[in-house]
Amino acid sequence: MLWSHLIPLQVLPSMERSELASKAPSDTPGGAAVKTEYRVWNPFRSKIAAAILGGVDDIWIKPGSKVLYIGAAAGTSVSHVSDIVGKTGAVYAVEFSHRPGRDLLGVAKLRTNIIPIVEDARHPLKYRMLIGMVDCIFADVAQPDQARIVALNAHYFLKNGGHAVIAVKASCIDSTAAPEAVFRREVSKLQKENFKPLEQLTLEPYERDHAVVIAEYRPKKSKSSD
1 MLWSHLIPLQ
11 VLPSMERSEL
21 ASKAPSDTPG
31 GAAVKTEYRV
41 WNPFRSKIAA
51 AILGGVDDIW
61 IKPGSKVLYI
71 GAAAGTSVSH
81 VSDIVGKTGA
91 VYAVEFSHRP
101 GRDLLGVAKL
111 RTNIIPIVED
121 ARHPLKYRML
131 IGMVDCIFAD
141 VAQPDQARIV
151 ALNAHYFLKN
161 GGHAVIAVKA
171 SCIDSTAAPE
181 AVFRREVSKL
191 QKENFKPLEQ
201 LTLEPYERDH
211 AVVIAEYRPK
221 KSKSSD
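According to my numbering, the sequence shown is numbered sequentially starting from 1.
Treat each hint with caution, since some may be false.
Unchecked claim - Each computed SDA-like pair below joins lysine to any residue, with the alpha-carbon atoms no more than 25 Å apart:
no., residue 1, residue 2
1, 169, 148
2, 159, 145
3, 87, 73
4, 169, 54
5, 220, 187
Honestly, the hints are just simulated from the structure, not real lab data.
Between the sequences and the hints, there should be enough to build the whole structure, so can you do that?
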């Protein structure tokens, strides 16, 4: 999948520069050829890209969005979200492990709309002063208590009517149960935390035994017509 990028080609680090492709020159009204550069967004390395190519209706990440990204790792997928939200948006990227956290800090140096946070997402109070209210939470933490982690962060940071996009790895939650059963239980946990499930999509063939679950947080009650 090709995606336009936010920062100039020459300042991209090597891990991003290797993911760039070019669109064939096109004719402009003045007759000059224009070359447009695009990044390649690999669905085998990004759950968000896998969900988009898998046909998800909406990832709820748009230009200008404020996004809390839980499980940011080294920041490759975070940098793509940075491209989407653009200069008017923001990506609050939380990563617990210090080694990928260092890489994340390097990515953020080139992208002013990424706010890197090297902390445990189980303790959102530790970084509450760094994050405002967000439109969307994306979570890819592969932990048994993932639903609780998302709910805790939603309580502090997610707007009413905001959305959560959660990548669920079945084997990390319960390796003895069928993936479909694990996904159902995770959806049930989210419902108990004031989330309204909107969509569930398998990430195969890009990820085995993975699904993405999309839910709305504290949805606004529609007024009944007289």
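We went through each hint and held it up to the structure:
This hinted pair checks out: residue 169 and residue 148 have alpha carbons roughly 15 Å apart, not beyond 25 Å. At roughly 22 Å between alpha-carbon atoms, residue 159 and residue 145 fall within 25 Å of each other, so this suggested pair holds. Of the pairs offered as hints, the one joining residue 87 and residue 73 holds, with about 22 Å between alpha carbons and a cut-off of 25 Å not exceeded. Taking the CA atoms of residue 169 and residue 54, the gap is near 16 Å; set against the 25 Å cutoff, the hint holds.
For the hint pairing residue 220 with residue 187, the CA-to-CA distance comes to about 19 Å; that is within 25 Å, so the pair holds.
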